Each structure stands twice: as C-alpha cells, then as structure tokens.
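Asks: One-letter residues, chain by chain:
Protein chains: 2
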Amino acid sequence: MRLGFIGLGVMGRFMAENLLRAGHELTVYNRTAERAEPFRALGGRIASTAGDAARGQDAVITIVTADAAVEEVCLGAQGVIAAASPGTLLIDMSTIAPGTSRKIAAAAQARGLRFLDAPVTGGDVGAREGSLTIMVGGDEADFQVAMPLFQAMGRRIVHVGRTGLGETLKLAGNLISGLTLMVAAEGIRLALREGVPQEKIEEVLPHSSAASTELANLLNRLRQDAWEPGFSVANRLKDLRLAVEMAKADGIGLPIAPEALRLLTEHDAQGGATLDESSYLRALLA
Amino acid sequence: MRLGFIGLGVMGRFMAENLLRAGHELTVYNRTAERAEPFRALGGRIASTAGDAARGQDAVITIVTADAAVEEVCLGAQGVIAAASPGTLLIDMSTIAPGTSRKIAAAAQARGLRFLDAPVTGGDVGAREGSLTIMVGGDEADFQVAMPLFQAMGRRIVHVGRTGLGETLKLAGNLISGLTLMVAAEGIRLALREGVPQEKIEEVLPHSSAASTELANLLNRLRQDAWEPGFSVANRLKDLRLAVEMAKADGIGLPIAPEALRLLTEHDAQGGATLDESSYLRALLA
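Chains X and Y, in that order, give the protein sequences. Going by the numbering used here, the first residue of the first sequence is number -7, and it counts up by one from there. Going by the numbering used here, the first residue of the second sequence is number -7, and it counts up by one from there.
Mixed in with the good hints, there may be bad ones.
It does not matter which identical chain is used: a pair holds within one copy or between any two.
[Stated by the list, open to error] In silico DSS-like links for lysine-lysine, alpha-carbon gap of 30 Å or less:
(1) K240 x K192
(2) K230 x K192
(3) K230 x K95
By construction, these hints were calculated from the structure, which means they are not laboratory data. Model, not experiment: these values are computed from the prediction.
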C-alpha cells in the first residue's frame, strides 16, 4: 500500500522500518526532521509537513506522544485530515484518550476519511521485532483493510470493538501495569528494610503468586542499578492520568488509582520525570 | 526421621502425606481429630495432644492457621515446647508475624530446642505435588538438618537468613500478590465498565506488561464465575494485616498497602469473608 507515516520516535521508527521491509511505499514525516533522514536510504520518501505525508495515500499512520500532538498532526491546517483524499484510512497508533480518538474519527468522517484507533504494547523491543500487540477500535471492514499493515508491525492483533475501545483497553492495561509496578516496589521496600537480602527476594518472589512482568522488571533494574528509560516516569504518568481522567469523566470509581497517581506525580516532581518508571522503587529505597 | 506433625488443614494434610511417602515416621495431631484418622491407614500414628505428637521426636512440624494457634500449640501447657526433648528441631511452617516466630524461637531455645520458621507458598496444588516454595529463617546448621524434610514437601527451598526472615519474606510476597490482585481487579473493572468485551481483555492483558499471576487467576475466576476458596478473603486479609502491622511496628512507611487493607476489610465485612479473595473483583463489578 501507499502509506503516510507520521512520528518516528522510539516506537515509530522501528514500525516504519518493518512496513518498508514488508514492501509498502512509505512517505514519512517527523517534527524533528533529522529523525526522518535515515529513511531515504531505506527507500522511503520524506515529507515536510504531516499534510504532505498524507496526500494521495491509501492509509496514513500516526504515532506521536500525546493527545495534543495527535490533534495538531490530524486536525491542524497543515494536518492529515485537511490533506488526505476521501476514502483514505487514518490509523492512529498513539496512546491517547478514547475521547480524543472519537473526536478525530468524527472530523475524519466529516471529510469522507475512515479512522481506526490502534495503540500498541510491547515496547521498543516489540516494535523492532515486529512482535507488538495491537488493540484496535473502529469498523470491522476498516480493521480488515489495515490487517496487512498490522501484521507487518505486530503479532497479536485484536479488534476490540467500536472507535475508542482500542485506546480504552490500552489505558486499562497500562493502569494495571503501572499500579502493579508500584505495589511490587512497595513489597520490595518492605522486604529489604526488614533485612531480607536482595538475592533472596530475587530467588523467591518471581516464582510465587507475587509474580508479574513488572516485578521481574523492577528486580532486574535494581540488580543492575539502571534507571534510564525504557519507559519514563513522565510517560507512565501521562497514561495513568488518562486512565484516571477517563474513569472520572465516565463516573467509574477507582479505589486505588487516584492515590497511586498522586504518589507518582510526587515522584515525578522530585526528579523522577526523566528516569525510567522503575525509579519509583529507587525513590522508595532512598 | 521421627517426626511430629501438627496441623492437617488444606496444606498440612498433603505435606504430611509427602513426608510419609518419603519414608519418615510420622505422629500427627490435629485439633479436629477426624482429620487425623486417614493417616492411620498410611502408617502414621495419631496423637491426642500437640505435646504427645512432639514427645521423643527428632523434629516437630507445625502448620496451623494463625499466630494464636501457633502460640497455643507451641507454648501451651499441653504444647510442643513443654513436651519435646532437648535438641528437638521445631519447624513452624504457618504464616505468622516474624515477631511471633522470634518469641517462640526464644521459648524453644530456653528449653534447649532448636527452631526454624519456614512458611510456604504454592497453595494446595503445590502442597499435593510436593512443589512448594519454602522460605526459611534460622541457623544454617538447622536448615541443613531440615533439608531432607523440606525436599519431601517442596521444590524451591531458600534459606533467607536469621530467625523470622522466612516469615518476613513470605509476608512481603503476600503483600505484593494481594495488592497486585486488587489493582488488576481495578483495571478489569475500568475496561468492562467502559465497554471492552471480557474476551478481549482475556485476549490481550495476560500477554502485555499488565501480566501477573494474580491477573490470570482473576480472569480465570471471572470466566468461570467461580468464587469459592482457594485462598479466602479472610486468609488474605490476615496476611495483609500482618504485613502492614509489621511495617508499622518497624517504622517502615507503605504508601498504598494501608488503604488496600481498609478496602479489603470493607469487602470482608460486606460478605466476602468466606469467598475466594478474587471475589473482590466480583464486588467491584456488582
């Protein structure tokens, strides 16, 4: 397919590479232009605005940092929706509020475009290996059209339901992983402060009912004393805030998440922002 | 070895069977006498008090429900410490406060006995299969003496450190698993209330960074609409309370656990007590 691809960050660059490798024709755009340059050698074309990347394509993929960036890229005067031809399929793979997805879907539909929200999980490793999990909201027919693209980037590809539900499941999953990390950190703090040697924690807990992906991740970080992102506190905070705000807007009580959000906001303000989210544990041990 | 074995509950009965099968001579005692009867056919002797079970043994294993029961069985007039010969190794495998373990260890030492705290994880399935994880506090020499017994009951056998540290690691691990369950329940609630179909949650989250043993357990319970214990809310609450009290007594701040304890206490009071701990999710969805 002829594709526009917008957003060549930690995730996007690998996803774009995998699409090129699968034989699609890519026109890429990135706000910081230098990040687009390497794609010339891979056979990609480089656009100077998001709108240029979207013009005359079969589909346009966006994966940028947050709601405001998606709105700018899609809804702006130089943006995707203004430039794309009717019938173009717009696929936003950023992690944003489901409400923002629905707003962009409506603007796209008003100009005869189609829209899928399709956030991913699996991190930079999954992006590089083409093994991402992709959660998709939107029409089944559009989902089927996009399937070859998703298959070039991911392994577990799930049509969750109507527009926005891809993002909803992503945010709920991120709420769980973020809070799981925080409570694992709390238990590690307790064990260490009570005098349990770190290697005994590593020997037992990952093989007990306390086991989780985030616990394993934390113990790995602690052993290596390595706190660079990875997934930054700022990013984790953004996703947690989106989940808590979505729940609040829809009147869904969350017993623990708002307090966890407050605690992580505090950690962010006290210097955690640029570190990996696992630095929450380091702060608890300080 | 000649063994006294006290406490033939959900875990203890299988552990005692495995010790018999490994060739040890067992004298068993259980407060509710009927539970001891089946051991006659397996070649075990049946004692009428804890003290009788402890008399003349090389080692005595206790695994009962809570601190008060351990104190009664070990420290009571008809109890283990009054009856056992000097040199006997007392191994308490109950989940109790490390402070109680240290108190019993001191009473044992005063009469020339030796003591290990050795709580387990792995549930009734692990107990039956002899695949428990066993976390041991006490002297290295005593740990080595007990090793053949532990190997008959468990697979991962870890000497954590001094007296009480087996219990400490157990409580910290249970704090993590209990809180992991609660935050997973919270995220599942959010996704379902926002309209994500249950089967889509099952398809995605166990393969994402939200993955944990407790999340898988919850989704399994939800699919089967099955809420009988397993591990009851009352037992989970007991362990969580022990961990929070230990932290408080030792001046170790826990940011989230006290509020989680309050929430689970509420669930317990509202009819959850006799159900499996996963019923916390059912209550969040009601």
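Asks: It remains to establish, for every hint, whether it holds in the given structure.
Replies: Here is how each hint holds up against the structure:
1. Proximity of K240 to K192 under the C-alpha cut-off of 30 Å is restricted to the inter-copy arrangement: shortest distance 23 Å between copies versus 41 Å within a copy.
2. Proximity of K230 and K192 under a CA criterion of 30 Å is satisfied inter-copy only: 24 Å between copies versus 34 Å inside one chain copy.
3. Within a single copy, K230 and K95 get their C-alpha atoms as close as 19 Å, which meets the 30 Å cut-off; across copies the closest is 48 Å, which misses it.
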